[in-house]
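Trainee: Let's have the full structure, built from the sequences with the hints guiding it.
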Amino acid sequence: MDLELKDTPGQLVLALQPISDFEGNIVSVVHHRDKKTPRGMIPVQVAFEISGEKVSGLINKLESIGIIVARVGEERLRESRAGILIGHIIHSDIRDTIDQIDATGYAEVVDLTMSMPGIDQRSSARLVINATGKVEMEYAVELLRNIAREKDLLLIEPI
Amino acid sequence: MKKIRLSIIGFGVIGCGVAKVISKKREYIKHRHGINLELVGIGERNGGIACEDGIDPIEAYNLAKTKEMGKHPCWKEEMSGINVIKEVNADIVVETTPTNVDSGEPGLSHMMTAFKNKRHVVTSNKGPLAVAYKELIKTAEENDVQFRFEASVGGAMPVFNLVRECLQANKILSIKGILNGTCNYILTRMSTEGMSYEHALSEAQELGIAETNPSYDVEGMDTACKLVILANEILGMDNTYKDVEIEGITRITIESLKLASDKGYTIKLIGEVETEKLRVAPRLVPKDHPLAVGGALNVMSLNTDLAGEITITGKGAGAIETSSSILSDVINIAKTLR
Ligand SMILES: NC(=O)c1ccc[n+]([C@@H]2O[C@H](COP(=O)([O-])OP(=O)(O)OC[C@H]3O[C@@H](n4cnc5c(N)ncnc54)[C@H](OP(=O)(O)O)[C@@H]3O)[C@@H](O)[C@H]2O)c1
Numbered sequence: 001m002d003l004e005l006k007d008t009p010g011q012l013v014l015a016l017q018p019i020s021d022f023e024g025n026i027v028s029v030v031h032h033r034d035k036k037t038p039r040g041m042i043p044v045q046v047a048f049e050i051s052g053e054k055v056s057g058l059i060n061k062l063e064s065i066g067i068i069v070a071r072v073g074e075e076r077l078r079e080s081r082a083g084i085l086i087g088h089i090i091h092s093d094i095r096d097t098i099d100q101i102d103a104t105g106y107a108e109v110v111d112l113t114m115s116m117p118g119i120d121q122r123s124s125a126r127l128v129i130n131a132t133g134k135v136e137m138e139y140a141v142e143l144l145r146n147i148a149r150e151k152d153l154l155l156i157e158p159i
Numbered sequence: 160m161k162k163i164r165l166s167i168i169g170f171g172v173i174g175c176g177v178a179k180v181i182s183k184k185r186e187y188i189k190h191r192h193g194i195n196l197e198l199v200g201i202g203e204r205n206g207g208i209a210c211e212d213g214i215d216p217i218e219a220y221n222l223a224k225t226k227e228m229g230k231h232p233c234w235k236e237e238m239s240g241i242n243v244i245k246e247v248n249a250d251i252v253v254e255t256t257p258t259n260v261d262s263g264e265p266g267l268s269h270m271m272t273a274f275k276n277k278r279h280v281v282t283s284n285k286g287p288l289a290v291a292y293k294e295l296i297k298t299a300e301e302n303d304v305q306f307r308f309e310a311s312v313g314g315a316m317p318v319f320n321l322v323r324e325c326l327q328a329n330k331i332l333s334i335k336g337i338l339n340g341t342c343n344y345i346l347t348r349m350s351t352e353g354m355s356y357e358h359a360l361s362e363a364q365e366l367g368i369a370e371t372n373p374s375y376d377v378e379g380m381d382t383a384c385k386l387v388i389l390a391n392e393i394l395g396m397d398n399t400y401k402d403v404e405i406e407g408i409t410r411i412t413i414e415s416l417k418l419a420s421d422k423g424y425t426i427k428l429i430g431e432v433e434t435e436k437l438r439v440a441p442r443l444v445p446k447d448h449p450l451a452v453g454g455a456l457n458v459m460s461l462n463t464d465l466a467g468e469i470t471i472t473g474k475g476a477g478a479i480e481t482s483s484s485i486l487s488d489v490i491n492i493a494k495t496l497r
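Taken in order, these protein sequences are the chains called A and B. Quick note on numbering: my numbering labels position 130 of the first sequence as 130, and the sequence is numbered without any gaps. Heads up, my numbering is the position in the second sequence plus 159, with the first residue counted as 1.
It is possible that part of the hints are untrue.
Derived lysine to any residue pairs resembling SDA-like cross-links, with alpha carbons at most 25 Å apart [to be verified]:
1) LYS417/B with ARG145/A
2) LYS179/B with ASN221/B
3) LYS417/B with HIS91/A
4) LYS422/B with GLU138/A
5) LYS401/B with ARG145/A
6) LYS417/B with ALA47/A
7) LYS134/A with TYR356/B
8) LYS446/B with ASP102/A
9) LYS422/B with MET116/A
10) LYS277/B with SER239/B
11) LYS474/B with ASN372/B
12) LYS422/B with ILE98/A
13) LYS436/B with ILE94/A
14) LYS183/B with ILE90/A
15) LYS134/A with GLU431/B
16) LYS417/B with ILE94/A
17) LYS151/A with TYR356/B
18) LYS417/B with GLU157/A
19) LYS422/B with ASP102/A
20) LYS151/A with LYS417/B
21) LYS422/B with GLU23/A
22) LYS422/B with ILE159/A
23) LYS446/B with VAL141/A
24) LYS151/A with ILE405/B
25) LYS134/A with ASP447/B
26) LYS134/A with LEU450/B
27) LYS134/A with GLU433/B
28) LYS436/B with GLU138/A
29) LYS417/B with MET116/A
These aren't lab readings, by the way, just hints derived from the structure by calculation. Small disclaimer: the values here were computed from a predicted structure and weren't measured.
Mentor: Okay, structure coming up:
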């Protein structure tokens, strides 16, 4: 997010506070004290992770305290997590398992590798799920846990 | 020199190990700590030995190994475990009978009786702790005696004493780790040698790492019991074995280990307690993670508010290794006695 701040002391802290208040996790802050925008403001670039649904609330808050939000860049599906399924994966319709995750809109199965030792034997699959944020990943994994329980598959999650 | 009288209840693998270590380390402990450990009672299921003047630990150890305890000059059939606790004048009772997670018996009665007779208790027995933790702590307090159980979780690894002695100012936020050496051995062999589960299990049985009936270990019950004890003692919870969500390692395939490995993971049976939730399950662990220890080792990570993450690893079983923890508890109690 590119912000523009007034050239007075305390503005940076003022700008970062709402990000924390909205449970954003700040990754980096670049503060260009020596540069000025045509409007005489100081540009700041802040990178942070935040759940998608909170972004508009945050922008409103920033603007209400006199900070200009010049640009919002979004990187979707930043969260990625691997998992392993063991059981009768094909019989229990792997297509449906993937479709249920993809249908959420906030998470997708981006990689699936299967290993099937033989008919009637349990097979194993590794899948990678990407999601738009941490909360969304939790929802997606919870969904996968429920599917695994219903289909009697063992789900192995990362620690 | 302070003389501390001990009795051992349950003279099997661990009970005998304690006797052996007492004999081996007696002079060292006298010299180093000013404590003279005297074995005055041994209680078995069908009888026992009581001797106020002291029992030679090695003589008892040798007789136990050849199953000839009855030949000891002081052996009496009426002196079974519970009677040794009541009648033999010991300061500390070392309780090492088999773990029973349904009723906690016979250990639970042994410990309660010891407390009521004003004797301190040191144990490696998880059963009573996993079914009646609060009751035990309360009874020990009411009787103004100490109760220590370092050996019940992680064998040789010091976890309770670490928290008690070195992390006093910390709040422990969560604990996770590998708490069962048998499962770790099986998964390690499956992963490094490409062995099937059945093959790795039978190898572990041949080496004496797994029991003839391995279900208690491989189905995750043992890990669950240890997790309950950790949660109750370190995180101040009040759980029993029944509160744990448990999945063991019996469904793990070699293919799953290969798939995990290709992405830089290994699979370990992890016990984890965090915000009121106790869970035992196979988990993906990055190969370079501190919890990714191999062989039959145990490992535990404590997440603390001041010290950050603290990880300890060591042998989770074995007569001598486990006796190290038992002796540590015994010496700690002995130091507080007049
Ligand atoms: N082995 C390890 O490495 C290890 C590590 C950590 C903790 N532990 C725990 O330590 C405890 C002892 O383990 P272990 O391996 O030594 O087991 P073990 O070899 O089976 O020894 C238990 C002993 O207790 C005796 N016993 C059973 N009921 C009794 C009673 N009512 N009164 C008196 N004695 C009785 C048994 O006699 P019988 O043979 O006649 O039944 C046996 O001699 C268990 O709770 C275990 O979970 C073991």
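Trainee: Which constraints among the numbered hints does this structure fail? Numbers only, ascending.
Mentor: Those not satisfied are hints 6, 7, 8, 13, 14 and 21.
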